[in-house]
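Participant: The residues making up each chain are set out below.
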Amino acid sequence: GQQLNQSPQSMFIQEGEDVSMNCTSSSIFNTWLWYKQDPGEGPVLLIALYKAGELTSNGRLTAQFGITRKDSFLNISASIPSDVGIYFCAGQRAGGTSYGKLTFGQGTILTVHP
Amino acid sequence: DGGITQSPKYLFRKEGQNVTLSCEQNLNHDAMYWYRQDPGQGLRLIYYSQIVNDFQKGDIAEGYSVSREKKESFPLTVTSAQKNPTAFYLCASSIRGSDLREQYFGPGTRLTVT
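Just so you know, the protein sequences line up as chains A and B, in that order.
38 is the number that the numbering used here gives to position 38 of the first sequence; each next residue is one higher, with no gaps.
1073 is the number that the numbering used here gives to position 73 of the second sequence; each next residue is one higher, with no gaps.
Just to be clear, a hint being listed does not mean it is correct.
The calculated label-pair distances, taken between Cβ atoms and stated as ranges, are [stated by the list, open to error]:
#1 A:P8 with B:G1003: 26 to 34 Å
#2 B:G1016 with A:T68: 45 to 53 Å
#3 B:L1027 with A:T24: 26 to 34 Å
#4 A:P114 with B:R1110: 24 to 32 Å
#5 A:T68 with B:E1015: 43 to 51 Å
#6 A:T68 with B:S1073: 37 to 45 Å
#7 A:S77 with B:A1081: 46 to 54 Å
#8 A:F12 with B:T1079: 39 to 47 Å
#9 A:S77 with B:E1069: 31 to 39 Å
#10 A:I13 with B:K1014: 20 to 28 Å
#11 A:S20 with B:E1069: 43 to 51 Å
#12 A:E41 with B:F1012: 18 to 26 Å
#13 A:S20 with B:N1053: 43 to 51 Å
If you're looking for bench data, these hints aren't it; they were derived computationally from the structure.
Ideal Cβ positions, reconstructed from N, Cα and C, are used throughout, including at glycine.
With the hints as constraints, model all of the structure from the sequences given.
Facilitator: The structure is reproduced here in structure tokens:
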């Protein structure tokens, strides 16, 4: 199955810095989701996006559904130590055979130094 | 509290043995999914079920089997035919047939086969 191209693969930042990560695809998506996964745990949904151009915030997190419907971005402002973890993007491709199925990016490992 | 439970958290088996992973949800979701996660990789879909008594193969179904006899339960059997069964297995669920395509994950089961 197709994987989304998520970048960067890892980030090492100082507490208080802002973070940006993105996912891109050659296919059109009708849904973009962003998850955070702590070590040894299941992913937790952070933000869901359903419309091209949509910009949604959840506390210090902001995500956008790209206008082309082939990409999405996640920003974290003023990072804190508990932001450490793996961030995944996931999308549902437009088209009937993809109904209910998500495609995941490889993840961005975030490390925050106090 | 509504949620998804997976048991056990850690599972150890000898090569050549079949093993069944449990997944139960009380969210009243119609759709359920099984994913496999390997270190440094995203999630790959094994099987999914949109409704009771129906399920579909995902991207990496070989060596796995599932059943969906009840809405709340979607057990996954890792058979001896699976060549590399050691991995972190995640179960998820979602509402079927709506515009909401968000999937919610359980805590995962780490399977080690030696």
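Participant: Against this structure, judge whether each hint is valid.
Facilitator: Hints, verified against the model:
1. A:P8 with B:G1003: 26 to 34 Å: Roughly 32 Å apart at Cβ, these two residues keep to the hinted range, so it holds.
2. B:G1016 with A:T68: 45 to 53 Å: holds, 49 Å
3. B:L1027 with A:T24: 26 to 34 Å: Holds - the Cβ-Cβ distance for L1027 (chain B) and T24 (chain A), about 31 Å, lies within 26 to 34 Å.
4. A:P114 with B:R1110: 24 to 32 Å: With Cβ atoms ~29 Å apart, the hint holds.
5. A:T68 with B:E1015: 43 to 51 Å: holds, 47 Å
6. A:T68 with B:S1073: 37 to 45 Å: holds, 40 Å
7. A:S77 with B:A1081: 46 to 54 Å: Cβ of S77 (chain A) to Cβ of A1081 (chain B): about 48 Å, so the range 46 to 54 Å holds.
8. A:F12 with B:T1079: 39 to 47 Å: holds, 41 Å
9. A:S77 with B:E1069: 31 to 39 Å: With Cβ atoms ~47 Å apart, the hint is violated.
10. A:I13 with B:K1014: 20 to 28 Å: Taking Cβ atoms as reference, I13 (chain A) and K1014 (chain B) lie about 43 Å apart, which means the hint is violated.
11. A:S20 with B:E1069: 43 to 51 Å: holds, 45 Å
12. A:E41 with B:F1012: 18 to 26 Å: Since the Cβ atoms of E41 (chain A) and F1012 (chain B) sit about 20 Å apart, the hinted range of 18 to 26 Å holds.
13. A:S20 with B:N1053: 43 to 51 Å: holds, 45 Å
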